[in-house]
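Assemble the whole structure, with the sequences as input and the hints as a guide.
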Amino acid sequence: MTPQAATTAPEQQTVPIQMTGAQMVVECLKRLGVHTIFGYPGGAILPIYDALYESGIDHVLVRHEQAAIHGAEGFARATGKVGVVMATSGPGATNLVTGITDAYMDSTPVVIITGQVPSYMIGRDAFQEADVFGITMPITKHNYQVRDAADLPRILAEAFHIAGTGRPGPVLVDIPKDVSNQVAPFVFPEKISIRGYNPSTEPSPLQIERVCAAIAKAKRPLLYIGGGIISADASEQIRAFARQTGIPVVSTLMGLGAFPPSDPLFVGMLGMHGTYAANMAVYHCDLLIACGVRFDDRVTGKLERFSPHSQKVHIDIDPAEIGKNVKIDYPIVADVKKALDALLAKAPHANCDEWVYDVQVWCREYPLSYENSSKELKPQYVIDLLDRMTNSEAIVTTEVGQHQMWAAHFYRAKEPRTFITSGGLGTMGYGFPAAIGAQLAKPDATVVCVAGDASLQMNIQEFQTIAERHIPVKVFVINNGFLGMVRQWQEMFHGNRLSESKISAPDFKRVAEAFNVKGLRAETPEEAEKAIAEALAYPGPVVVDFLVEETEKVFPMVPPGKGNDEMIVKGWEK
Amino acid sequence: MRHTLSVLVNDQPGVLTRVAGLFSRRGFNIDSLTVGPAEEQGLSRMTITMLGDEATLEQVMKQLHKLIDVIKVQDITNEPMVERELLLIKIAANPTVRAEVTGIVEPFRASVVDVGRNSMIIQATGNREKNDALIELLRPYGIKEIARTGTTALVRSQLAKIKV
Chain A
1 MTPQAATTAP EQQTVPIQMT GAQMVVECLK RLGVHTIFGY PGGAILPIYD ALYESGIDHV
61 LVRHEQAAIH GAEGFARATG KVGVVMATSG PGATNLVTGI TDAYMDSTPV VIITGQVPSY
121 MIGRDAFQEA DVFGITMPIT KHNYQVRDAA DLPRILAEAF HIAGTGRPGP VLVDIPKDVS
181 NQVAPFVFPE KISIRGYNPS TEPSPLQIER VCAAIAKAKR PLLYIGGGII SADASEQIRA
241 FARQTGIPVV STLMGLGAFP PSDPLFVGML GMHGTYAANM AVYHCDLLIA CGVRFDDRVT
301 GKLERFSPHS QKVHIDIDPA EIGKNVKIDY PIVADVKKAL DALLAKAPHA NCDEWVYDVQ
361 VWCREYPLSY ENSSKELKPQ YVIDLLDRMT NSEAIVTTEV GQHQMWAAHF YRAKEPRTFI
421 TSGGLGTMGY GFPAAIGAQL AKPDATVVCV AGDASLQMNI QEFQTIAERH IPVKVFVINN
481 GFLGMVRQWQ EMFHGNRLSE SKISAPDFKR VAEAFNVKGL RAETPEEAEK AIAEALAYPG
541 PVVVDFLVEE TEKVFPMVPP GKGNDEMIVK GWEK
Chain B
1 MRHTLSVLVN DQPGVLTRVA GLFSRRGFNI DSLTVGPAEE QGLSRMTITM LGDEATLEQV
61 MKQLHKLIDV IKVQDITNEP MVERELLLIK IAANPTVRAE VTGIVEPFRA SVVDVGRNSM
121 IIQATGNREK NDALIELLRP YGIKEIARTG TTALVRSQLA KIKV
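Just so you know, the sequences run in chain order A and B.
Residue numbers for the first sequence follow UniProt numbering, beginning at 1 and rising by one.
Residue numbers for the second sequence follow UniProt numbering, beginning at 1 and rising by one.
If you are wondering where the hints come from, they were derived from the structure by calculation, not from laboratory data.
Heads up, the beta-carbon is just placed ideally off N, CA and C, and yes, glycines get one too.
A portion of the hints provided could be inaccurate.
To be verified - Looking from chain B toward chain A, a few residues come up when the C-beta cut is under 10 Å (computed):
1. V9
2. R25
3. G126
4. K130
This is how it looks when you write it as structure tokens:
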């Protein structure tokens, strides 16, 4: 019987159907609701690709495995579903390592299926053999090596369950080629129970009471929200909670989009390139309510100076995050959505009008700004234009560097899952393939990748993927001819010795055209506006090369090793 | 401070690597680690002794608990427990000192398990301090080789308190 037949009448089975391991993989993917896979075939995974042929599952053939996993991450981040990647053994799998780490750091749910050399060759340094199980152990939430095809349905069901529940993350399943070819009875588990895995999602009522009491007493409370709000789909709750209590909100890079920037309670992003108001609010608050965050060093700056006058509430589903970097007074281990619902049910109210006024004065006096020019094209202006011309309604992905921070500052994402960026690992090469994934997940959305000239060169081969499938992503290259953030640090902290930060780039317009992708270029503010309008109106993929002012820097900035209150706002001179 | 953790894990390939890797990756200090099958088939019990302050201990326990193959993590440092280590020590010993060595070994309830022409192997079990003491007493004879298992431990049975 074919795997398709099994889908139609599973309940009538009396004797389990026999299938090859490879057929089981495809059958399981269908049952788990997978429609899109990112991957690249090769010897050890050939049986699975054979089973995939005519399966009806859409497989996106990328040009480098790193792009496959970033594509799956973009897909997962845009939808909240588990992204799926396939690659072959050895080099195929090791090319995924950067992306797996990225997904681990940013808690992105991804299932990775890798081929492995046949079991009897494992350990003999066979052709294209690598210990992927060992290599990925510290960068996955969990991983498996399958020894028997009969275990495959259970393992895949568990992998999806682990990846998508609790604190999400990447789960890898390594399948030796002989296991893919092995015939065994197919028994799909009706229920998943994993003895060592029971994330606690319900908040403790006692802790909720205590937090409510702390809010009632606080004079200067502050909400500090992060990517966990987006993973938990708790954006509505956090908006309701802020409005009900009247507490102002600061967000991490990963949390952008969870809270509307137009809301008067929104203070902006905090941390190394956070707004003056956000960092001052964190420094001066007396109750810091952290929701779905992990007190990353780019957020806290020097720990001793991080919010020194506050009591701290920390709501997180991962108990290991509580107290990891910062001492917590009120821990709540729970799904942040459920915790906020429980808090909302108690209808707490904060008496902090004066504090909100102070925070709003900081916001007004030190807004994010840049000096525009009528002649030169400023990178911030390009993002500003993008924001205005899409009415902040696009999905924006970014690469990593200065342009990423300008995108965080000037693209005012107002809905969750519309600002997709590599926060924890800071992976150059992430944004463009992530945009491909987001676009495939949301075919009707306008998806724009804000890229740097250097970052884009890390996965530039994917121009062919968007050309071949006519995936209408817009790539906006903020081209300043430098590794801009490296240059900024060298200027500020290394005596302006620009060691290897000047980087050449090809003519992106002509490169795009060589791949049959529409290419545009803009060198002045007028050209930029015209090019953005043209790119957004065009129904297919477009690359726009914005030749921007090369010496522009990202401000505000907290120098490395300094406290957030010691930030450089603007006007920094060499 | 030295802590003793009792960790119940799935008996799966790679579990030891997961646990040891967690310690090394996060910069935690393993003092000793022993592992063997537990009371239930498919499970193993690890006894880990580690050095660190309370905050480190808490973080270690939470991180261990995050591993899918870890079923239970217990800090048994301050519990009434039985703690044992197996020590094998080979010392230089010609026939003239054998009787003397046997005399040293006896109060430790250790035993001579091998005698060669110029060496002896002594086996001892007990807590680490006892074995350390025995090693110091045997050092003057010339230590050729030492093998120690590291600590393994179980919490003592809770005796019912009887009111008189």
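To see whether the hints hold, each was checked on the structure:
{"no.": "1", "hint": "V9", "in the structure": "8 Å, holds"}
{"no.": "2", "hint": "R25", "in the structure": "5 Å, holds"}
{"no.": "3", "hint": "G126", "in the structure": "33 Å, violated"}
{"no.": "4", "hint": "K130", "in the structure": "35 Å, violated"}
Checked against the numbered hints given earlier, this structure breaks hints 3, 4; the rest are met.
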